[in-house]
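A.B. asks: Throw the hints in and build the complete structure from the sequences for me.
Protein chains in written order, with the UniProt record's numbering: chain Y, 1 to 584; chain A, 1 to 193.
By construction, these hints were calculated from the structure, which means they are not laboratory data. Treat the hints with care, as some may be off.
As a list, the in silico DSBU-like pairs of lysine-lysine whose alpha-carbon atoms are at most 30 angstroms apart [unchecked claim]:
1) Y:K514 / A:K177
2) Y:K149 / Y:K124
3) Y:K514 / A:K176
4) Y:K540 / Y:K354
5) A:K121 / Y:K2
6) A:K4 / Y:K229
7) Y:K475 / Y:K427
8) Y:K229 / Y:K213
9) A:K121 / Y:K555
10) A:K176 / Y:K520
11) A:K121 / Y:K315
12) Y:K2 / A:K59
13) A:K59 / Y:K229
14) A:K59 / Y:K141
To be clear about the criterion: a stretch of chain Y counts as covered by chain A if any three or more of its residues have a C-beta under 8 angstroms from a C-beta of chain A, and this derived list gives those stretches [as the list claims (entries may be wrong)]:
15) 313-324
16) 334-348
Quick list of simulated restraints, FRET-style, between CB atoms [as the list claims (entries may be wrong)]:
17) A:A178 / Y:V394: 38 to 46 angstroms
18) A:E171 / Y:K354: 54 to 62 angstroms
19) A:K176 / Y:P320: 48 to 56 angstroms
20) Y:L395 / A:D133: 57 to 65 angstroms
21) A:P175 / Y:M192: 46 to 54 angstroms
22) Y:V394 / A:R145: 50 to 58 angstroms
Just so it is clear, CB atoms sit at the ideal spot from N, CA and C, and this is done for glycine as well.
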Amino acid sequence: MKEILSGNEAIARGAYEAGVKVACAYPGTPSTEILENTVRYREIDSSWATNEKVALEVGIGASFVGARALVTMKHVGVNVAADPLFTLSYTGVNGGLVLVCADDPELHSSQNEQDSRNYAKFAKVPMLEPGDSQECLEFTKLAYEISEKYDTPVLLRTTTRISHSKSVVNLGERTDLVREAKIEKNAAKFVMLPGNARVRHVVVEDRTVQLSKDGCSMPINRVEMRDAKVGVITAGIAYQHVREALPEASVLKLGMVHPLPFDLIREFAAKVEKLYVVEELDPFIEEQVKAIGIPVIGKEIISICGELTPGRVRKAFGLPENAQATVGKLPGRPPNMCPGCPHRGVFYTLNQLKAYVSGDIGCYTLGFMPPLSAMDTCVCMGASIGMATGAVKVLSPEERKKVVAVIGDSTFLHTGINGLMDMVYNKGAATVIILDNRITAMTGRQENPGSGHTLMDDPTNAVDFELLCKAIGVKNVRTINPLDLDECKKVISEEMERPETSVIITDKPCVLIKREGIFKAGAPLQVVDESCTGCRACLKIGCPAIEWVPASGKKGKAHIDPLLCNGCDVCSQLCKFSAIQEAK
Amino acid sequence: MSDKVTNIVLVGVGGQGILLAAEILSETFMLAGFDVKKSEIHGMSQRGGSVVSHVRYGKEVFSPMVPEGEGDILFGFELMESYRYLSLLKPGGTVVVNDLCIAPPSVLVGQEAYPADMALKIQELCPDCLLVDGQNLAIEAGNARAANTVLLGAVSKRLDIEEKYWIEAIEKMVPKKALEVNLKAFQMGRGLK
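C.D. replies: Structure (structure tokens):
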């Protein structure tokens, strides 16, 4: 049967067909939809973990007792999961284990553009890289065979343009594995104390040599001979751009990018006049080809930064660019918090209080954008709290008061708890605001341990943030309504003054929450034309439902789009002239 | 079947239903027996950002991205976004654009003005431009939210694909209760000259 699937959907399908029993992940663009699709197959236990490290550990646990497991994350998630990954390389697996890491060249929605292929080499585990959705499905299935045959976890690397592109896929059937999960004790393999790990390290090195040899005859590493003048070694999405831009070139398409099939590369190099590597991000293949003494052109013509496009490949090879229309400069259209978003009032307040805002990762990172302009740092998941602790250690008593960490519910549970425990333990005198909107919003509203539901839609325990903070030892924990600007200003400024750790929890849900009964929109508001003086106070919150109409009245007036307004009432609290009222 | 790949670029503002329209296009091309690829960036789409989706079909499609300057059709849901991405269109390419302006954040807060005469500027650069009053035609079809389907109808008329495949794809992708209105909206778009 044929279907059009995204790379992520095809990976989920591949996992299903491979007989995977457990799938675990922390959401992260562009990887999120893999688990949102494995959950459609009831044969797979799919779950959101609190973070990527835990997700991988769940996968390892299932693998060690014999089941096939899938673990997925975005590229920066692998940093969090790196600790178990490197030692998992030594233990190997029992049931096959595949870790999907989704890279984001061009930083479409990430904080860096790290190249995860380096993890394969660093952790000494094989990595497959599919070039379209059909390969996503096939490579996922193959990855389980390799995992079990070579006793190793396998990394499957995608990029945004693989994960989020759709193409036609031929579906197969699910393999029903005979083997049942059961306890099999094998301490020499699974207990990585020095004596055992020394032995396993030798196994790992031999495995890599063997995989490099066997890779030369794997069909996923294939030579396509066309014109012998130009030979290109490439993989993943870059292969598609090469075929588009250089249809005559001979190509060595690598399906396994680590370890490299060196003999096959030598063979291909000998057949072509001039050899190139076309790869996104780091010179990962290029440097290894050069290291075996083969001259090759790569990053001299292709940027290390950003993603490739057919046009960028054409340009790199000196081909004429297509004629293109040139358009003038236009206003940008960045994403914005939704109308009625509970974060807006908090960031407006932090701006007013001139706080130094130690930021974190989620929708609320948009609090950086004008006119809210109330975020001063953003590094990685959970960093806001630790960084606030570091800042207050060295700032003057007066400046120390300005330090406020902001972190969402899911990010707090991901890696913020540790930071908060450290802040209390080491007596950091900063204010932490947990923006609890009951969902992992930025990645498309996934459930989390604070939301009360699992990925498979079962009701479950919901973390009580207030109790949790108190248990950690925070003495000052206050819950506020973030849509009440007076309350925000009063509570946040009081806690900023306090010379010890305090936590403020906001209690309004995301406006996009799908589950019924959690978010309730208020009645839409409207601007009463006769009362509006054109003072622009309501524009300071940057709500997409409020538009400035320059031609209205003498100096312009505000207008509220009733179709967009969620009736949160924040703008009306800014209007000194009572010009914003419930629409009639 | 010729080797030619046909390239369509869909552009607009997050929340306008661009991704669904791109899905219907892709489904139609697959049903008609073509190889299809589609690429887009999500993640930020629900938050009012600029959205671009690439759909390509033919005998064999390699890159999922429309090469710069090779777009056959620019399918625009909003005027300024359509103008912004004209560089993806080939010289002499076709534009089908919704006659709609959505103010970006800087315009909403009165920092800058929405650029004037967008439709005119698009037409200057691309004479083969159809301006569609999607909103009003959709209301006429029975639901303002079917504007995308009116536009889809107009785009379908410019592609050499049998009508039955369009209908089959719409029937598959659109929820049952909205189907009748959408099929009507599609025909209204298809009837536009």
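A.B. asks: Does the structure keep K229 of chain Y and K213 of chain Y at a Cα separation of 30 angstroms or less?
C.D. replies: 27 angstroms, holds
A.B. asks: Cut-off 8 angstroms, C-beta pairs, minimum 3 residues; does the coverage of the region 334-348 of chain Y by chain A stand?
C.D. replies: Answer holds; 5 residues pass the 8 angstroms Cβ test.
A.B. asks: When you check the alpha-carbon spacing of K149 of chain Y and K124 of chain Y, does it fall within 30 angstroms?
C.D. replies: Holds. K149 of chain Y to K124 of chain Y sits at ~16 angstroms (cutoff 30 angstroms).
A.B. asks: For V394 of chain Y and R145 of chain A, compare the CB-CB distance with the range 50 to 58 angstroms and indicate the outcome.
C.D. replies: 55 angstroms, holds
A.B. asks: Below or equal to 30 angstroms on CA atoms is what counts here, so check K59 of chain A against K141 of chain Y.
C.D. replies: 27 angstroms, holds
A.B. asks: Measuring from beta carbon to beta carbon, are K176 of chain A and P320 of chain Y in 48 to 56 angstroms?
C.D. replies: With a Cβ separation near 50 angstroms, K176 of chain A and P320 of chain Y satisfy 48 to 56 angstroms, so the hint holds.
A.B. asks: Hint check: K4 of chain A vs K229 of chain Y, CA-CA at most 30 angstroms. Holds or violated?
C.D. replies: Distance of about 25 angstroms is within 30 angstroms: holds.
A.B. asks: In this structure, is the beta-carbon distance linking E171 of chain A and K354 of chain Y contained in 54 to 62 angstroms?
C.D. replies: Holds, at about 57 angstroms.
A.B. asks: Verify the CB-CB distance for L395 of chain Y and D133 of chain A against the hinted window 57 to 65 angstroms.
C.D. replies: 58 angstroms, holds
A.B. asks: Please verify whether K176 of chain A and K520 of chain Y have alpha carbons no more than 30 angstroms apart.
C.D. replies: The hint holds at about 27 angstroms.
A.B. asks: Given the hint that K59 of chain A pairs with K229 of chain Y, does the C-alpha gap stay at or below 30 angstroms?
C.D. replies: 27 angstroms, holds
A.B. asks: Measuring from beta carbon to beta carbon, are A178 of chain A and V394 of chain Y in 38 to 46 angstroms?
C.D. replies: 59 angstroms, violated
Checked against the numbered hints listed earlier, the structure breaks hints 5 and 17; every other hint is satisfied.
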